[in-house]
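Given the coordinates of chain Z, work out where chain B should sit on it, guided by the hints.
Quick note, the sequences are listed as chains Z and B, same order. Following my numbering, the numbering of the first sequence begins with 6 at its first residue and continues without gaps. Following my numbering, the numbering of the second sequence begins with 6 at its first residue and continues without gaps.
No false leads were slipped in.
Subject to a maximum C-alpha distance of 20 Å in a straight line, what follows is the list of computed DMTMM-like cross-link-like pairs (lysine to aspartate or glutamate):
1. Lys209(Z) / Glu308(B)
2. Lys46(B) / Glu295(B)
3. Lys122(B) / Glu105(B)
4. Lys262(Z) / Glu263(B)
5. Lys17(Z) / Glu30(Z)
6. Lys29(Z) / Glu308(B)
7. Lys231(Z) / Glu290(B)
8. Lys122(B) / Glu12(B)
Which bits of chain B does chain Z cover? Going by a derived footprint, with three or more residues having C-beta under 8 Å, they are:
9. 191–198
10. 209–222
11. 245–257
12. 289–302
Because the hints were derived from the structure by calculation, they are not lab data. Every residue, glycine too, gets a C-beta built ideally from N, C-alpha and C.
Number of protein chains: 2
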Amino acid sequence: MSFKPLEWRDNKLIILDQTLLPDKEVYLETADYREVARAIKNLTVRGAPAIGVAAAYGFALGALEIQSGNQVEFTLKLEKVSRVLSASRPTARNLFWALERMESVVRSIGSTTQIKKLLLDEALQIHREQLKSDVSLSHYGSAFIADGNTILTHCNTGALATAGYGTALGVIRQAHQEGRQINIIATETRPLLQGARLTAWELKQYGIPFTLITDSMAAYFMRKGKIDLVITGADCIAANGDTANKIGTYALAVLAKEHNIPFYIAAPTSTIDLSLSSGNEIIIEERSPEEVTHIRGVRIAPEHTPVFNPSFDVTPHQYITAIITEKGVIRKPFGEGMQKFSGLK
Amino acid sequence: MSFKPLEWRDNKLIILDQTLLPDKEVYLETADYREVARAIKNLTVRGAPAIGVAAAYGFALGALEIQSGNQVEFTLKLEKVSRVLSASRPTARNLFWALERMESVVRSIGSTTQIKKLLLDEALQIHREQLKSDVSLSHYGSAFIADGNTILTHCNTGALATAGYGTALGVIRQAHQEGRQINIIATETRPLLQGARLTAWELKQYGIPFTLITDSMAAYFMRKGKIDLVITGADCIAANGDTANKIGTYALAVLAKEHNIPFYIAAPTSTIDLSLSSGNEIIIEERSPEEVTHIRGVRIAPEHTPVFNPSFDVTPHQYITAIITEKGVIRKPFGEGMQKFSGLK
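Chain Z on its own, in the form it takes in the complex:
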């Protein structure tokens, strides 16, 4: 793998700008937490697990720039840092999970200098842990993939979207590394084309055979019997297993059910939010109409066309065959495994 989506170097966060892929490989280098928040908001870095890691580093950058040695002032300033970072995107659970971990470190005993050090250690630890989670859940998930399978995936859930290996795409990479002959059907994933731009770019680098389709073609391939399983990532999983993920995921889950195709979610437990009893409580981000009316800067609809642009949808747990995490596979009824694997360890 020749690229590093997120890297900490010389007290700076280096972010591969995903908005410019696959055309250009440009890295953003910043020591400013506000710029990290902006990078999350404008999708320079995207994918729930990657957003979590970036936010942790952002929090550490926010701490490092505080001059005052006064504990109260330090804590107040970090509350602001947290507010700015948490306002970047509303749906990705991993963002809040990472910020909660960082905030709990702020409450440690020690000088502000010591706490700064602890915060940076925590961010690095979150990155390492999440990368380990990617690898672990990919191993669990690859057991679901048989030799000769064709796998449909949506959006981008590879190294770019995560701590550096992948969730749904991590499972696919792992199966490929274990020598299974597999074929990927990658949906382009409108509006922002993460499938066409990013998943295609990653799969080419890994040498995994794939075919790119528009989102509207998935059902055609299912009907033809060409899809053995569907696997996607997640942005937020409620306590009952209801899962928010990139818009279009719910349709794929319904279609998979209609064609008796298993539908898997692959996500680290940092994506689970036990405080939400069901998907109805998940906040769905709505983004700018221009994401629909323009593609890569080119207008595709008449001026002043009314648009609604929800970035995610919720797949009710009934449509999900299993949820693959770094701690193991959560099977139905999901509630139990969800409690066991996340909050209550």
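Just chain B now, kept in the frame of chain Z:
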């Protein structure tokens, strides 16, 4: 309505170039049937009923350019005209239906001059009849739309796609004209964005309220209970009611069923092919990979990305609530009504 999608004037066919909409309103003027075939192939004119009308005019143009008064030579040359036109696109039933009607006129008794005249009359008659069909089926269909309904439609099935009024969009126009307050959800319809480019453009002109969404968002709106019915056009309907239409239609039909939303097809009987016992026999056109990897000339995927690009899918009749034609509404079991309304009059 300020535009004329297809017009016969001074022995020429004038075609509104739909590939340039909504940016530019440019008309192609031609007396060459080969150019008509090219215009169908490259989607200058598109939509199954419009393709049928254009092909009829193309056939008449082919006849007009024949100098020879020899009947055998005349007939042989027209066979070539028919071959060229019928090779333009494989799925639209109306294309073959129109050519069959024109061919039967060639077998009339009379001089080549007389037959040329009959052929032009037949093309004009097909255009008039198909426009009457649009209006008639729109009246039948509007009975399914209640005040306050929100209607999801796919691709473009308005004046542009037909003889000049519309099929699915004709039904919507009719309900609007009858004073019902309706709302349209228009899918953008990748790869070629007929929804974003053409349906949005038409709906703006008719003053019908609408919202544009990506294809992947339809399920989100259905789940929220925001869609009262789905209505689309058709490119080919088999004897059992299985219907080929723009890629993505089948997914919408499955999603509609899952959410207990009625799913209607609106098409003239010229779209029905009784020689096909089921949708399995419908030939599905596959078009260039560039339609997926590029949007309006801009590349959206890495170079050499493998693509599969079927332009249509087949919705099995089980998913269709009713088929709305100019002769009335065909209800389940479709076989009967299909026989009654099309071939066997």
